[in-house]
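Novice: Residue-level listing of the chains:
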Amino acid sequence: MSMEIVKNGEQDNCVLVAVKGRIDAVTAPEFDKQVGEWVDADTSDFIVDLSELDYISSAGLRSILGVAKRLKENDRALTLCSLKDTVGEVFDISGFSTIIPIFDSVEAALKER
Amino acid sequence: MPRLTLPAEEAYLTRLMGFVTQMAEASGFNSERIRSIELTTEEALVNVIQHAYPETAGNVSIDCQMDRNGRFIVEITDNGVPFDGLDFSDPDLDADLTARQTGGLGVFLIKKMADHCRYRREGERNILTLGFEVPTYDDRKHADETNP
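Protein chains in written order, with the working numbering: chain A, 9 to 121; chain B, 961 to 1108.
Bound-form chain B, shown alone (with noise of 0.2 Å):
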């Protein structure tokens, strides 16, 4: 299964994201489901930089593969400290603009955004897991028709 592995840095996220959006488009995903699977794997990249590895420095790994029930799978793995990935409360979305915090909003994107999330702790490693539905050839007919 195709794997990238670079420091879990700022410096490199241009290349880990380019990476999983190069496996989406190669496993048949419009541009538009892309964007979803890039963002969601940004949010959870940005918050292994920040809070898996606080301190100390270290890798991330990035895997993508087709699972068998033919989901698109990204699976992003740590050293860093045990850190569950999709444990933030939900932001506050009614509150207005002055009172409004930003504090959870990446968790709560990829939440909304992957079809399929997890996080697990392994030994020493953390594992978080997003899948995403690739769309069959109805879908792609019926949004080829409401979207001309």
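Isolated chain A (complex conformation) (with noise of 0.2 Å):
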């Protein structure tokens, strides 16, 4: 499986995207791709679940930065949910962990953000 991106719908002012399989090199052109149009399709802010994500390298996450700088630009934010250890662990080491937010659940994501 390389990456399937699905757009949850709507909720509380939020859209819910889930992100599955794995965001590198050879798939973070498709994520810009898919999730700049819903972006700028959108008002909105946006939580991405990435509980069934397996994978993340430095293109993933420069995609996920990406999206975040383009959201904040328009007061909007970026909230990432559900990540499994190997990810978050990326997540901590770049140091993404604190300059985006990440909840354990969808649910805490839309409660707490």
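Certain hints may be false.
Cβ-Cβ distance ranges computed for the label pairs, FRET-style [stated by the list, open to error]:
| id | chain 1 | residue 1 | chain 2 | residue 2 | range |
| --- | --- | --- | --- | --- | --- |
| 1 | B | R963 | A | Q19 | 50 to 58 Å |
| 2 | B | E1082 | A | I101 | 50 to 58 Å |
| 3 | A | D83 | B | G1030 | 51 to 59 Å |
| 4 | B | A971 | A | E45 | 20 to 28 Å |
| 5 | B | V1041 | A | K92 | 32 to 40 Å |
Don't read these hints as lab results, they were simulated from the structure.
Ideal Cβ placement from N, Cα and C applies to all residues, glycine included.
Make the complex out of the two chains shown on their own, each in a separate frame, by following the hints.
Specialist: Here you go:
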């Protein structure tokens, strides 16, 4: 499996997205294109569920940072949730855990963000 | 020693990384550690594609072997322009979202996730060596106890 991105509708003025599989140098361009289109087509915040993301490399981190910056420019926010340990480790090492809010579940992200 | 040589192009990344993953699996690493090995290899390969062959095309080779200290060694060799795949300054981890840059992030991850890394230029070749300690029986037992 390479990567699958699903839009799970909108809740509390927040677009819910789930990314499955891998965000790496091969799949990151597709992530940028798809999520970029959704960001442009909407005015809401975004919650991205990573519970089924198995792998992220610096190319994927770059894409996530790109979305977060783009949303912030319009006073919107990116929130991530449900990171697996291996993915969480990459976020921790790279310092991304401190600049992008991360919650344990979509529900927690909706409630506490 | 098992070796795979392919064009240093993004289209071959998946196959190159698949080769390393397969070798790491055969060496007894758990899935978490295999992800780290795969990730550091991807970062190194992407840098070779971008920096060792900025204008010309060329090949990249991956060798996997156990060294005499029992470490799993991934050696990435290219014939591109001299390029030290470890010589990037660390990213500013304290920068806020707006100021945060992504340059050097891949190399930073390599340095943090590989147990050992070294670059050398030999003749016309860049050689990056990544080493990973193979878990001992005691490590595995301890991991089983702490992560039932």
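Novice: None of the hints should be skipped; say for each whether it holds.
Specialist: For each hint, the structure was consulted:
For the hinted restraint 50 to 58 Å between R963(B) and Q19(A), the CB-CB distance of approximately 51 Å keeps it satisfied. The supplied range of 50 to 58 Å is broken by E1082(B) and I101(A), whose beta-carbon atoms lie about 30 Å from each other. For D83(A) paired with G1030(B), a C-beta distance near 54 Å keeps the hint of 51 to 59 Å intact. A beta carbon spacing of about 24 Å between A971(B) and E45(A) agrees with the range 20 to 28 Å that was offered as a hint.
Remark: the range hint 32 to 40 Å for V1041(B) to K92(A) is upheld by a beta-carbon distance near 38 Å.
Of the hints listed earlier, the one the structure fails to meet is number 2.
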